[in-house]
Every structure is written in structure tokens, then in C-alpha cells.
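Construct the entire structure; sequences and hints are all you get.
Residues per chain are reported as follows:
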Amino acid sequence: MKSRYVSLAILAALAAFASGHRLTEVAAAVPDSSSPTSVSGVVKFEGTVPKPSPIDMSSDPNCKSNSSGATTEDIVAGANGSLENAVVFVADGLGDRTFQPPAQPAVLEQKGCLYRPHVVALQSNQKLNVVNSDSTTHNIHPMPANNRESNMIQPPGVPLDLTFAREEIAIPVKCNVHPWMRGYIAVFKHPFFAVTGKDGSFDLKDLPPGTYTISAWHGKLGTQSQKVTVSAGQSQKLDFVFKQ
Amino acid sequence: MRLVANKTNIAMGLIILLSGLTSYAQESHIGNLVGNAKHGKALYQRYCIFCHGPEGDGNGQSAPYLDPKPRDFTKATFKCRSTPSGSLPLDSDLYDTITRGVHASGMPSWRPLLRQERADLVAYIKTFSPRFHEEKPDPPIQIPPEPSTSPESVKRGGQIFQSMNCALCHGKEGRGNGPSAATLTDTRGYPIRPFDLTSGTSSKCGNSDEGFFRDLSTGLDGTPMPSFASALKPDQIWDLVHYIATLPAAAKLADSR
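One line per chain: the protein sequences are A and B, in this order. Mapping of the first sequence onto this note's numbering: residues -17 to 226, in sequence order. Mapping of the second sequence onto this note's numbering: residues 3 to 259, in sequence order.
I should point out that these hints are in silico values taken from the structure, not numbers from a laboratory. Please note that a few of the clues may not be correct.
Taking lysine-lysine pairs in the BS3-like style, the calculated list, with each CA pair at most 30 angstroms apart, reads [as the list claims (entries may be wrong)]:
id, chain 1, residue 1, chain 2, residue 2
1, B, K77, B, K174
2, A, K46, A, K202
3, A, K109, B, K235
4, A, K171, A, K93
5, A, K46, B, K235
6, A, K46, B, K157
7, A, K46, B, K77
8, B, K174, A, K93
9, A, K171, B, K77
This structure is a prediction, so every number in the text was calculated from the model and none was measured.
Structure below.
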């Protein structure tokens, strides 16, 4: 009798495997905030910042009127060398912990025929709310290597949500109609990531104690990594310097 | 006895496992036709390999001379589908593409092959990408009956052509020469021309108004052509189709002046 159950179980497992259903881990961890930790610092750029070039938007009068004086955003750095639009994230060290995506969507706005922000980061399977605040029609065309490639037209005011199932750093996104529009969508399987603003700073909060590889990624400058060990209740400082 | 029964069950389980794995990628189903990848492989090596390459990555011997480039099957991204943007195609979509060919490209019609042979090719093409194991195609888009064309419908379609920025790529007259045309690339980075809408009555993936409706709804994945399914209502897509249908004659008229 017992052996029949065993063989039934084997059969069921085999059948489940054969039919392509993956047995997924249901348990999900949330960032541990009982003994708060953090890894924070600044991403810097050393060297001469390339001069941003003006963008010619004359092909679409609706863009031109919106944003006179728009320039390229390949490398945006402050006077003190703070680097904007870098993504800092945990690249390794979380083991096989899994994390539920937040219910709150991330937002990517098309405004003045540019992407705002230039780099958006979110979790896999978290909604990306794509907003068209312009008075012209865009198409939103992410070009992933490891996710579904979609390409949707988006007239003014029409809502659009995208999701990405797998981690990918980072997916280039473009608007084919307005070829100067370029941005990035960084997708993580965990919530420990940050995109640097004008001051170049980042703060990865509530990491479980452990040893991590922390990486900084920039669309034009590549990726850098450092190892760091965090104990319960401890804060670590970490800076990244990109040179060109 | 108990031990024997147990072994039998395990053997049965293995059979289910193996048949499950093989049927997943190695078969195609088009109506009553069941395609076989093993047979498809032999056909592929005879008919398809020169352009699509031995690895199915679109890098066959003839590929450097072709524009647009042959499809890279390892990405499972297909222009001609009945499914929404980003989705895998149905088996019948791949079968239809092989049968019909792809307009304005090097891909000819393979109608001279037997129906069974075309189904076998579909089964083999699916083995190049793991996506056919991991995902299922989304439900196909619905094409409602076409309302008859009228001057009003054409006029509305013209306004949609304008407001959707079609002209930025396809040009004001639809000749494929809009201001953004020269910047366009496919997903692999090769330059790609916008479709010349004045060239005739065939769409990229069909030769009827329905073909245009479907291409506008699904978008042509892997190219800059987006899907209009979430932005336009079916009636509006039909208006746009009716407008596009007037472009060849309008271009001829403009040229004769």
C-alpha cells in the first residue's frame, strides 16, 4: 500500500515535470527591518564630462515646443563629480531568498519627448506604469536580452503597463518614432537597488546581515563591483568611482 | 509482487516524462496536422539552412546579402503573428508564414511543399528556442468583421495616421521615407526600412485588409513597428486600414502630375 503511494507520488512529480510546470517556491522574504542595516555611499565620475549635445526635435513640432534646449544624457555628472543615472545593487550574496514584487508600480514618464527618469529600476513582475505626458504619440519599445520584447504605440493619455519576468541589467528602451529617445529599465529579482540622482548618492537599506557583492552599473561607463560584509544593526559606507 | 508493481509504475512514469518532454518542443499542431521535428530537421537542412543557418540564428551563408535579415529563431521573436506584441506565435502563425512567405523580404512562399512538410518545419523551428518550452502563446487578437469602406472612414483613418505619428517613419504619403526612417534598426541592430505603404495591396504579413488589421494590432516584433491594439478601437483600426488602402493610388496620382 505504502509503495503504491510512493510510486503515485513519483508519477505525479514526473507528470508535473513533464508538462512543463515548474515547482515554484512560495515562501517569500521581505527586507528585514528589525535590526536595520544599510550600505550607502556616492557614485563619482572622474575625468572630463563630455559636453551634452543639443537634441534636434524638429521632425515633430509637438516635441519641439515642449522642450527647447534638451540635450543628450549619456553621462550626467555634477560639478563635484557626482554621477547621475547609475544603478547600485546587490549583485550576489542573497542566496536563494525570493522576494515578492511590491504592489506599488514603478513609473516611466515620457515628457518633453524624453524618458523621465532616464534610468528606471524595478523588481521582476512589478508593474511598470508607462505614462505619456506629451501631446504627441510615442511607441515604447524595450529591447531585452532575457525578457519578452514588446512594442506598443502610446498616444497621449492612454495608460500602459509593462512587466518583466526576469532580472536584467539593464534593458535599453527606445521610441522608434522619436529616435533620440533612449532610456534604460533595470530589473531585479530583489528590492536592494537604487538609482543615483543629482548628488550621486545611494542607500541600500534593510539588507539581511551577510557578505555581499555590491555593483554599480552605468549605461555608458560599465559595471564595477565591491565586496562588503554587513552585520545586524550596522551601516557600511561604500563609494564607486568611474573614470574616463 | 509489490516490488514489481512499483517498478512498472516507475517505468510508466519515465515513459510519461520522456513523451512529455519530446512532445513539448518536437511537435507542432496545425488543425489536424501534427508536425514532427525530426522530419522537419531534414527539410530545414535542405531548404532553410542557407539563409537561417545551421544554428537557426539567421546567420546562414546567404544572410550577408539579404535585407531585411533572415529571422533568428533562437530569440523566438516573430514578425508575423496572430498573438499580441511580445507573445510567442501560434503554430499556425509559423505555418502561415512558411506557406505565404513574407512580403518585401527574401522569404518566399513555400506552398510547393506538402502541408505535412510545412508542419514538420514548424515543429523543428520551435526547437531552436527554449521559450517554446517555458511559455505559452497569449490568446490571439480578434479581428471583427470589416465594415465597408467609405469616404468618411478614409477621412477618419487619415486623421489617425496623422495623430499616431505614422508619417514620422512611413512618410506623409506612406512611401516609407519619413524623417525617422533613416534611423530605424531591427532588434539585432541592422538598418531596416519602414514598409512602403504605396507599394500595393499586400501588408507585410498578409494580402488583404485583414492582413493590415492584424499587422497593426500585433505589431511586427523584432522591428520598430509597434502594436496599436491597446491604443485604438477595432473601428479605428479599420478606418486606418481603409486610409492605407488609398495610398497606392494617391501616390500614383501624385507621380503623374
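Check your understanding: Is the straight-line distance between the alpha-carbon of B:K77 and that of B:K174 30 angstroms or less?
Key -> Violated, because 33 angstroms separates the two Cα atoms, which is more than 30 angstroms.
**Study point:** Straight-line alpha-carbon gap B:K174 to A:K93, limit 30 angstroms
**Key:** 25 angstroms, holds
Check your understanding: Given the hinted pair A:K46 and A:K202, is their alpha-carbon gap at most 30 angstroms?
Key -> It holds: about 26 angstroms lies between the C-alpha atoms, which stays within 30 angstroms.
Review point. Within 30 angstroms, alpha carbon to alpha carbon, are A:K171 and A:K93?
Key: 28 angstroms, holds
**Study point:** Proposed proximity, B:K235 with A:K109 (alpha carbon, max 30 angstroms)
**Key:** 24 angstroms, holds
Review point. Is the straight-line distance between the alpha-carbon of A:K46 and that of B:K157 30 angstroms or less?
Key: Roughly 27 angstroms separates the two Cα atoms, so the pair holds.
Check your understanding: Do the alpha carbons of A:K46 and B:K235 lie within 30 angstroms of each other, as the hint requires?
Key -> 29 angstroms, holds
Check your understanding: Quick one, are A:K171 and B:K77 close enough, alpha carbons at most 30 angstroms?
Key -> Measuring from Cα to Cα gives roughly 22 angstroms; hence the hint holds.
Point to revise | Satisfaction of hint between B:K77 and A:K46, Cα-Cα up to 30 angstroms | key: Violated: A:K46 and B:K77 sit about 37 angstroms apart, past 30 angstroms.
Violated hints for the displayed structure, listed by number in ascending order: 1, 7.
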